[in-house]
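Protein chains: 2
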Amino acid sequence: MEKMAYWGWKKRLGMVLVASGLWAQAGAAQQVNAPSLMPMPSSVQVGSGSLAIDANFSVALTGHSEARLDRAMERFYRQLSRQTGMTLARRNADASKATLLIHTERASKPAQELGEDESYSLEVIATGAKLNAATPLGTMHGLQTFLQLVDVSPGGFATPAVIIQDQPRFPWRGLMIDCARHFMPMEVLKRNLDGMEAVKMNVFHWHLSENQGFRPESRKFPKLHGLGSDGLYYTQEEMRELIEYARDRGIRVVPEFDIPGHSTAWFVGHPELASDAGPYEVERRWGVFDPAMDPTNEKVYRVLDELIGEMAKIFPDRFFHIGGDEVNGKQWDANPKIQAFKKEHRLKSNEALQAYFSGRVQKLVTKHGKTVVGWDEVLVEGVPKDIVIQSWRGQASLAKAAKDGYRGLLSNGYYLDLGWSAARHYAGDPLSGDAANLSAEQQQRVLGGESCMWSEYVNAENVDSRIWPRNAAIAERLWSPQSVTDVPSMYQRMEAESQRLEWLGLTHRTYYRLMLQRIAGANATPEEFAALKTLADVVEPVKDYARQKTTPVEATSATPLYRLVDAVNLESDRGRRFNELADKYLASRCRQDLAAGELEKMVEQLRSELTIWQENDLRLHSTSFLVAEVAVPSKGLSAIGAAGLGALEAFLKAERMSDAAAKQQLGLIDSALADAFNKQLILIPAAGVKKLVEAAASNAGCAPPAPSSN
Amino acid sequence: MEKMAYWGWKKRLGMVLVASGLWAQAGAAQQVNAPSLMPMPSSVQVGSGSLAIDANFSVALTGHSEARLDRAMERFYRQLSRQTGMTLARRNADASKATLLIHTERASKPAQELGEDESYSLEVIATGAKLNAATPLGTMHGLQTFLQLVDVSPGGFATPAVIIQDQPRFPWRGLMIDCARHFMPMEVLKRNLDGMEAVKMNVFHWHLSENQGFRPESRKFPKLHGLGSDGLYYTQEEMRELIEYARDRGIRVVPEFDIPGHSTAWFVGHPELASDAGPYEVERRWGVFDPAMDPTNEKVYRVLDELIGEMAKIFPDRFFHIGGDEVNGKQWDANPKIQAFKKEHRLKSNEALQAYFSGRVQKLVTKHGKTVVGWDEVLVEGVPKDIVIQSWRGQASLAKAAKDGYRGLLSNGYYLDLGWSAARHYAGDPLSGDAANLSAEQQQRVLGGESCMWSEYVNAENVDSRIWPRNAAIAERLWSPQSVTDVPSMYQRMEAESQRLEWLGLTHRTYYRLMLQRIAGANATPEEFAALKTLADVVEPVKDYARQKTTPVEATSATPLYRLVDAVNLESDRGRRFNELADKYLASRCRQDLAAGELEKMVEQLRSELTIWQENDLRLHSTSFLVAEVAVPSKGLSAIGAAGLGALEAFLKAERMSDAAAKQQLGLIDSALADAFNKQLILIPAAGVKKLVEAAASNAGCAPPAPSSN
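Here the protein sequences come in this chain order: A and B.
Numbering-wise (the working numbering), the first sequence opens with residue 1 and increments by one.
Numbering-wise (the working numbering), the second sequence opens with residue 1 and increments by one.
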């Protein structure tokens with residue numbers, strides 16, 4: 001109570017917003033610009049007034065102190081300077097005078113642990129702000145929240161008055177980046193760690209080895225990276241540097257060595273570890289391949305023992321990921337020695353053989369002081385209870401594991417490479433489906449989740465755009481209360497966060513024009529470039545695994561990622577807005593209660609877009625082979641524009657579109673979609689236009705349906 | 001002849017293009033996409049066919065070899081990878097098999113010198129390319145030309161077949177960046193050196209000291225940077241690093257220590273060097289100030305002797321810039337000791353006193369093995385002939401110096417901070433005006449020129465946008481034959497080069513959206529942001545020194561650079577294109593020989609832009625103080641849109657606009673311009689709209705002018 005009085009909140013309090021989608025309304029009611037917080041804190045109370053952010057901004061740090069907090073302040077000031085365009089240098093002030101008074105109670109663990117206290121409270125009034133946290137982890141989260149509060153206002157840069165109490169819903173909120181299929185340079189990882197810090201994710205899962213590459217330097221087995229990485233690997237200094245970089249941001253680093261499958265790259269230098277004699281080359285193709293370690297070979301365990309020991313000294317985290325997924329067993333079946341071993345040890349299946357292998361490896365991991373994490377497949381009968389299951393299969397698998405006493409992480413639904421919308425990722429909850437029915441104790445075993453960026457079709461140039469901003473929606477799912485589910489609010493806040501992430505150097509927005517310019521060519525006229533962009537703005541890459549299925553030539557790791565499908569956004573904002581508007585128009589076109597001109601305005605907006613699309617193909621001249629590749633989707637967009645304009649015409653004349661005409665138009669749209677699909681693209685406005693055409697054929701006027709005219 | 005036959009050129013030669021604006025036509029005639037070379041080489045012969053650039057691209061280096069050439073190849077491969085989106089790793093091949101065969105005859109000088117051989121020849125046919133150069137300097141220039149040849153084509157990435165012979169017109173082609181008024185971090189300088197290499201500039205003039213900051217670390221006089229830089233200075237390691245970085249790119253580094261004026265920052269730590277006792281603080285304001293070194297104080301020369309000696313060891317270049325500009329003499333006049341000295345030495349004016357000072361300093365510079373460069377003011381009677389004059393005053397001053405036997409550089413006309421169009425910079429030639437009449441021997445003394453980026457109103461965030469792409473036009477002026485003057489060709493090629501420069505990390509295009517987003521605020525809707533961008537797209541900052549004159553509050557080095565004037569492009573492409581279209585329409589509207597619909601298309605384009613502008617102000621909602629600042633220019637744009645639509649209306653009806661109506665509209669436009677000017681902005685389409693209105697009032701139809709209707 002005293003603290004509250006001191007901060008003057010009792011009188012100033014406006015409404016209480018338990019985290020929800022109510023910001024916009026609250027903002028209007030309070031005459032305060034609603035802050036776009038993401039992830040939404042667990043409790044936010046909006047006060048009145050605001051705290052000005054100007055050149056005099058000062059801080060005071062009290063309580064526990066350490067160099068990491070000072071570095072966090074440096075980042076904070078740097079980001080504050082970028083966001084505001086003011087050159088703010090750190091000013092320390094007395095606790096009684098500081099603009100932002102920070103109190104950290106105690107140190108966090110020397111090596112960050114699962115389940116540490118990450119909570120914080122943040123109180124802002126017109127004269128100052130106060131951030132309290134149990135540990136530096138909470139302090140750093142609170143600083144990120146503060147940065148999200150800063151925005152332009154009528155009087156300058158400011159943060160609205162608020163009281164925030166916040167802590168994460170799940171203790172494990174991760175991002176996995178596959179650095180093996182396409183190597184990701186250090187700078188890419190660093191800026192993504194910056195992004196993770198901004199949205200309060202706390203685990204970087206570093207997928208380090210694959211058929212296509214063994215990326216960590218091993219001094220004990222230098223042939224592993226020396227022959228298995230094409231020279232693209234992380235030195236031990238770099239790994240240590242990245243771990244420090246992550247620790248500075250409250251992020252644990254969990255390395256993954258995917259065995260016994262997914263390991264061709266290991267065998268280039270060490271064919272004796274494989275179940276077939278080899279020789280091996282670094283795999284260039286994508287897919288699931290036969291090579292697998294030989295579980296019957298004692299040398300395999302000796303090498304793993306030494307390697308895990310070497311890596312355990314580099315990675316301080318308690319957890320160590322051994323993969324374990326997608327062993328097809330073909331090499332095992334073909335090897336008589338392995339077959340004999342299975343008989344001898346009464347291992348009736350390859351699953352049982354893998355369980356034997358996993359058990360041996362798990363002991364090695366334990367010996368080196370670590371706890372195993374593995375994909376679903378490692379969970380077989382008899383596996384020790386301390387392992388953690390990362391589920392690509394889903395909530396049912398997760399729930400079963402939890403019931404059986406295992407801790408688990410959800411990644412199903414969070415595969416960023418599948419190209420889903422943010423809304424679709426956002427809808428996936430670790431405690432939904434079968435997991436919703438777990439007991440409280442069992443639910444505790446669901447530690448959280450991880451988004452996964454598999455890298456068959458991403459490289460350093462476009463990977464940021466495949467992670468962000470959608471990853472912010474997943475971060476919110478894992479941090480915020482389960483009740484935070486409003487999708488329009490999420491999109492609005494994600495857009496604001498996406499802008500802020502750019503100040504960190506993430507390239508998820510800047511990459512777009514640059515890649516389009518390459519496609520259009522240096523000699524494209526402004527009009528030609530605009531036409532390419534118009535097309536690109538409303539297409540998305542095909543979803544899920546359709547890209548592999550539709551490719552005319554099998555892609556490999558040597559395939560350039562310079563096509564339109566690589567350049568377009570995974571979520572077309574312009575296409576989505578058109579479809580939303582089409583829905584809104586269809587829902588309201590016969591209503592009598594709309595304001596004058598509102599319907600006309602919608603029609604005008606729809607018509608404007610449709611006209612641009614219909615005419616765009618005529619403008620798309622180019623001598624670029626990369627533009628030529630999308631000539632068919634461009635014609636498809638034109639057809640979709642024409643079909644939509646036809647439907648609008650019917651509405652305006654209140655003349656029902658004939659069934660034949662509608663059928664023809666819908667057929668053209670479907671053809672356009674199918675043709676674009678073969679170029680691995682989806683024409684997003686097709687969905688909205690189909691609805692318009694169907695409605696026009698059903699009842700173009702607002703009277704009861706007329707009998708068919710043909 | 002043998003070489004030509006070997007390369008098969010004799011039969012393949014198409015037309016010869018001595019560098020000019022004829023690319024587009026040549027391209028069409030040859031069915032080859034015309035390459036956008038900038039600066040234009042002195043001789044280009046376009047052949048037929050093209051050389052494919054694919055994953056097999058290989059190189060061979062013959063002749064002289066050195067590590068710098070290897071690093072140049074690394075950069076070349078990196079840039080080629082970025083431009084093409086292919087992950088190209090360096091492949092070395094036998095000379096007989098390499099895609100690109102490079103021959104460098106001999107080493108260049110250990111420290112790059114003025115006037116070294118920078119020539120190269122480049123020959124490309126369908127089966128390979130050959131680059132020959134006398135020295136690594138020419139080799140590196142040729143590699144940049146090769147990169148500019150690479151573009152998308154119908155069959156993939158390729159370079160057209162060409163024979164290029166190239167060498168610079170002037171040996172001194174520089175860019176000066178003022179790192180004193182606003183400190184520029186190393187990464188900013190490095191990426192600008194990358195840009196300089198791309199356009200074949202060869203001198204980085206590092207403006208290191210000013211009233212507002214002393215930026216180089218001095219170990220002999222640590223108070224200079226210690227008290228005179230606010231902690232923002234370059235360590236000696238960083239300076240050496242930058243010099244190496246520049247040398248790797250064929251760029252000399254000339255440091256400037258501006259004395260005896262422009263030196264307040266020196267006096268913070270060493271007030272005893274000044275002509276008034278002080279004390280001094282780092283200057284925060286902009287302008288010309290009183291503090292100046294005391295030319296009568298022997299300690300001044302002892303300190304300069306040691307400091308120049310210290311810096312001469314760091315900077316290997318032969319030239320050393322001592323500034324010398326804008327001494328107002330007030331401190332000298334006010335100091336009785338200095339007055340006595342003048343009398344004693346018969347120095348009749350402050351100019352004579354400064355000449356005495358310059359002479360003393362020149363001897364010190366010579367003692368340390370360097371040659372003096374100074375601004376116009378250092379050229380007074382009796383100054384030794386080996387100094388180089390950098391002219392901010394213009395060609396007349398340059399010509400006079402050359403006639404008197406002095407070497408000179410032109411910077412007048414190349415001040416990037418004045419916000420001129422690329423075309424205006426491009427029109428300035430070092431050998432025009434008085435300099436055109438120099439004898440051949442005298443013209444030899446005109447070494448070239450330097451663009452200057454004074455930094456009162458730029459910082460690390462927007463400086464790239466104030467240098468690029470316009471600096472490429474200046475680079476062309478200094479490299480290419482004097483006959484290369486076609487402005488439309490320059491703009492077309494500059495646009496292509498501007499795109500390529502982005503791959504080097506220059507932020508001259510990406511900064512724009514980010515700064516606009518900050519201005520709009522994180523919560524701006526897409527419509528609000530679009531409205532801000534529509535306004536921003538057609539305004540430019542006021543030119544020349546109008547910004548100082550119009551500012552309501554005096555700007556200082558602490559003033560944030562986050563306003564719209566800081567964010568908009570220095571040259572509005574959209575505004576320029578509108579004005580060009582208005583001109584074209586007015587010139588053709590009464591012609592009978594246009595293709596059907598052509599006039600209508602122009603009208604439609606004009607109307608579309610004018611309508612957007614007229615309506616834009618209604619869309620510009622915001623709670624941002626930075627948007628509120630431009631409310632008046634926004635209304636002005638609306639008025640300009642309305643005026644233009646009125647004129648179009650008159651043309652379409654063929655009814656002359658009344659004088660009264662025209663006068664009113666022109667008055668509104670002038671008011672809009674004046675109001676915007678007070679916000680330090682120019683509404684670019686106003687010029688085109690004024691012409692439309694004037695034409696509509698003169699004769700809206702195509703008949704002979706009718707008598708006035710009012």
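Treat the hints loosely; a few may be bogus.
To be verified - Using C-beta positions, here's what the derived DEER-type ranges look like:
(1) B:Gln548 - A:Gln482: 55 to 61 Å
(2) A:Leu618 - B:Asp675: 39 to 45 Å
(3) A:Glu244 - B:Glu241: 55 to 61 Å
(4) A:Arg619 - B:Asp659: 37 to 43 Å
(5) B:Gln548 - A:Leu618: 36 to 42 Å
(6) A:Pro488 - B:Ala558: 26 to 32 Å
It is worth saying that the hints were derived from the structure and are not from the lab.
Since we're looking at a predicted model, the values are computed, not measured.
No residue lacks a Cβ here, since even glycine has one placed at the ideal position from N, Cα and C.
We went through each hint and held it up to the structure:
Hint check: Gln548 of chain B to Gln482 of chain A, Cβ distance near 58 Å, so the stated range 55 to 61 Å holds. In this structure, Leu618 of chain A and Asp675 of chain B meet the distance hint of 39 to 45 Å, their C-beta atoms being roughly 41 Å apart. Under the hint 55 to 61 Å, the C-beta atoms of Glu244 of chain A and Glu241 of chain B, about 24 Å apart, miss the expected range. Taken as a hint, the range 37 to 43 Å holds for the pair Arg619 of chain A and Asp659 of chain B, whose Cβ atoms sit roughly 41 Å apart.
Judged by the Cβ atoms, the range 36 to 42 Å given for Gln548 of chain B and Leu618 of chain A is violated: they are separated by roughly 49 Å. Hint check: Pro488 of chain A to Ala558 of chain B, Cβ distance near 41 Å, so the stated range 26 to 32 Å is violated.
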